[in-house]
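Based on the sequences and whatever the hints tell you, model everything.
Protein chains in written order, with the working numbering: chain C, 1 to 326; chain S, 327 to 848.
Watch out, some of these pointers could steer you wrong.
What follows is a list of derived Cβ distance ranges for each label pair [claimed, not checked]:
1. C:ASP224 <-> S:LEU746: 50 to 60 Å
2. S:PHE683 <-> C:SER70: 36 to 46 Å
3. S:ASN621 <-> C:ILE2: 39 to 49 Å
One-sided excerpt, in silico: chain S residues whose CB lies under 7 Å from chain C [what the hints assert, rightly or not]:
4. GLY576
5. ARG672
6. GLN724
7. MET725
8. ARG728
9. ARG831
10. TYR832
11. TYR835
12. LEU840
13. PHE843
14. MET846
15. LEU847
Everything labelled a hint here was simulated from the structure, so no lab data went into it.
Ideal placement from N, C-alpha and C gives every residue a C-beta, glycine not left out.
The residues making up each chain are set out below.
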Amino acid sequence: MISFTKTWKQLKQKGIMGINQRNADYILKYNDRRNYPYVDNKILTKMRAIDAGISVPEMYGIIRTEHDISKLDNVIDTHRDFVIKPAQGSGGDGIIVIADRYDKDRYKTVSGKLVLHSELEYQLSNIITGLYSLGGMRDNAIIEYRVKPDPIFKSISYEGVPDIRIIVLLGYPIMAMLRLPTRQSNGKANLHQGAIGVGVDLATGTTLNGSWFNEQISRHPDTDNEVSNIKLPLWDKFIELAARGYELVDLGYIGVDLVLDEEKGPLILELNARPGLNIQIANDVGLQQRAYIVEQHIAELKKANRTETVSERIAFSMQHFSVLKS
Amino acid sequence: MRSLSMHLKVIITILMVLGISIICYQIFVLKTPLTESEVDNLWTIDARVNFEVKGTKPVNIEFYIPSKAGDYTVSNELFLASGYGQNVTNLPYNRLVTWSARSVSGQQTLFYRLNLTKRYADSNVNNTKGDMWRSPIATVGAKKEAVERLVKEIRSKSANISSFITTTINMINDVNNSDAQLILNDNNSVENKVNAIELVLSHAYIPIQQVHTLQLSKTTNQTPSLWIRSYIVPNKGVDNRDSTLNGSNGNWYYFNPIDGSVGLPDDQMVWWIGNDDIIKADNASKVRVNFSLANSELTAIHLAKLTPDSNNLTEFSFYTLPITTQLAYQVMLMIPFGVLMILLLRNVVGINTLGTFTPVLIALAFRETGLQFGLVFFSIIVFFGLLLRSYLEHLKLQMLPRLSVVLTFVVMLIIFTGMLSHKLGFEQGLSVSLFPMVILTMTIERLSITWEERGANFALKVAFGTLVTASLAYAIMGFKPLIYWVFTFPSILLILISFMLAMGRYRGYRLLELFRFKAMLK
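Dropping the structure here:
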């Protein structure tokens, strides 16, 4: 019991955010439920992003009904690789990534497994009936551009596409993490399934130490390479996309998921209105501590009756939340 | 934000205060028992009136029965007097039943049965006021002088009316007091002593009343005992009273006419008040009244149910409902506690469960099967369901047909397992007919998806968490004293709501988070 209260106090002192606090003080406070569809429905997110000139993976088409499934061929058209995902899925569930065509009705996944056309149709049917959607409601399936990860991640990633999660509070990026798929996570960048989270310094885009489940690690379990000290290219672009995510969906506390495509550079993959807390373990810093600084800053701005532009916000974040002494 | 939490605090406080005050009202004013097992005595007093009529004559019997305004609550009374006309009149201090018949002959027996209990009596009822002044009873000669000497002596030895009466009683009972002996005239019966006391007190202008009581103990053939009482304003002197001032803010004080002790013992039950005999019978001889008393222990709440009027404890409670509705309500009223369990386990401890309220539904299902059997049964069906589900995955069915197949399979499994356990001699197997199949089906579906998406580890963790939560919810929903409490004090739900509201803004760590973030404390 004594050790419990001691741990409690230490966590508090480190400014670590718990689920209850995240829900009560951030999500319920800053996220207007009305705007949830903009993040929960990836079609809406994409539409808004395109209107705002924010880079997202190109959408090839939408399958809305069982009848539409037969038109899959038309949607795929001449693309050799593509991704099928539910519009309202969560946690990367229900996503199929096709890397190439094999023959007339067979496709190849990233890992080289062959998939029948009928299997794709079955998956589409699952998506449409709402198997992967929040609350089991009917859903739409999106067919979109397959992101090809930049080769920089080759040494520290197993299959799949590594992505970068940036937590943005009221437009101020407060923490960033690089998520690396592992063999255990089946090539998915999902921390719950065993992907690695690596902290990223907000000012420079340099990777820090990593986390695997709830532990802190420093090397990738599959490739055995150090995950730290890698400088992510185009970091300014990442941060800018993330900061603009706030205006995009008008939600105060979001996790912006970005990818680095070898051709198109940083793209927003999706946004999350309930971002997880393991990013704290990856960065070895409490979210609460940083969120407090931003909230203080905004209170001061409010007093001065002033708001900041995207670049001012980024400058503030980079100044206050950098852990590397440059 | 601040105004919101202020708002919330106000609501929480209002609900809390409301809930607690309703419960307090029930406990302290309505005297609702706190536990189901609190027992109370229900006394049954049988009064049998025997008399003989010589020849054929019209008979009129007047019999005193206890007033309903006493310290005890009459829960039930019964008159057995066939062939007699019956009339009950309320007198200032008593009730009087009059039995009359035009022509009766021979041995007669009339019967009066009374069920009463101490609890639930409204003590304020017993506030009939009494006289505080009376004129002296006329006496002559030596007796008069003796009375006057006694009054003078007693006055010098007493401070107020109460002590005056006590002293009088002691004097009359003093065998060495010649004046007292003169008044008693060698008759030492209690009745005569009471008469003597009354005489002496009347010369001090103090009125008294005779009180006839029965002792509440298991007896047959008990004779009523005699007490006296007087309406007294405490601390008022004997001589500074005013003959015009009658019956205000006083209290009845009871005295034992033998030893002068004040106060009526708890086990004495007043049958009638006054100098009259208990029974007055015209045209009857050999009149005898026989009292027998018996008691039975009843749980207090059962007793309250038996007490039809004179209390409003049960009037607005669930106890007036038909018994089947009561049972259904008992289950319903416990559901919020099951939900509370989930709330605590999820938000404070941090256990993962399948769905939000699924554990409560499973707990409800356990009510039918019992916990151990239910757990085994649940695990077996989910296990086979998962096997089927993983096989169906290969058939690439659409969701709805697939769910239907799983549901049908679950029904078959339930029936099969039930029959098998019946053959093996476990009767519980048959009680699961209403085990919620839809919930099982959805559990299987969700679990299998979780398995695929999050891995076996996580799926098993969630399944385990669900079963633990369901078991705890089951335990709390079946906790007998709590069921009694919620059913008797439904306003406890208001307190529950206020607690849930407060939990709605709980922002501390979950217990399991202390382990989750442990790595960060190195």
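Hint by hint, here is what the structure shows:
Against the hinted window of 50 to 60 Å, the Cβ-Cβ separation of ASP224 of chain C and LEU746 of chain S comes to about 53 Å, which satisfies the hint. Look at PHE683 of chain S against SER70 of chain C: about 39 Å separates their beta carbons, and that is inside 36 to 46 Å. In this structure the supplied range 39 to 49 Å is violated for ASN621 of chain S paired with ILE2 of chain C, their Cβ-Cβ distance being about 54 Å. About 60 Å separates the beta-carbon of GLY576 of chain S from the nearest beta-carbon of chain C, more than 7 Å, and the hint is not met.
At its closest, the beta carbon of ARG672 of chain S sits 10 Å from a beta carbon of chain C; the interface hint therefore is violated under the 7 Å criterion. Given hint, GLN724 of chain S at the interface with chain C, holds; its Cβ is 5 Å from that chain's nearest Cβ, closer than 7 Å. The beta carbon of MET725 of chain S comes within 4 Å of a beta carbon in chain C, closer than 7 Å, and the hint placing it at the interface holds. With a cut of 7 Å, the hint placing ARG728 of chain S at the interface with chain C is violated, because the nearest CB-to-CB distance is about 9 Å.
Hint status for ARG831 of chain S relative to chain C: holds, with the closest Cβ pair at about 6 Å, below 7 Å. Interface restraint check for TYR832 of chain S: the shortest CB-CB distance to chain C comes to about 5 Å, inside 7 Å, so the restraint holds. A distance limit of 7 Å between C-beta atoms decides the matter here; for TYR835 of chain S the minimum to chain C is near 4 Å, and the interface restraint holds. Checking LEU840 of chain S against chain C: minimum C-beta separation of about 5 Å stays under 7 Å; hint holds.
Annotation: interface hint on PHE843 of chain S holds; nearest CB of chain C at approximately 5 Å, less than 7 Å. Here the hint on MET846 of chain S is kept, as its CB sits about 6 Å from the closest CB of chain C, short of 7 Å. This hint holds: LEU847 of chain S has a C-beta 5 Å from the nearest C-beta of chain C, less than the 7 Å allowed.
Checked against the numbered hints above, the structure violates hints 3, 4, 5 and 8; every other hint is satisfied.
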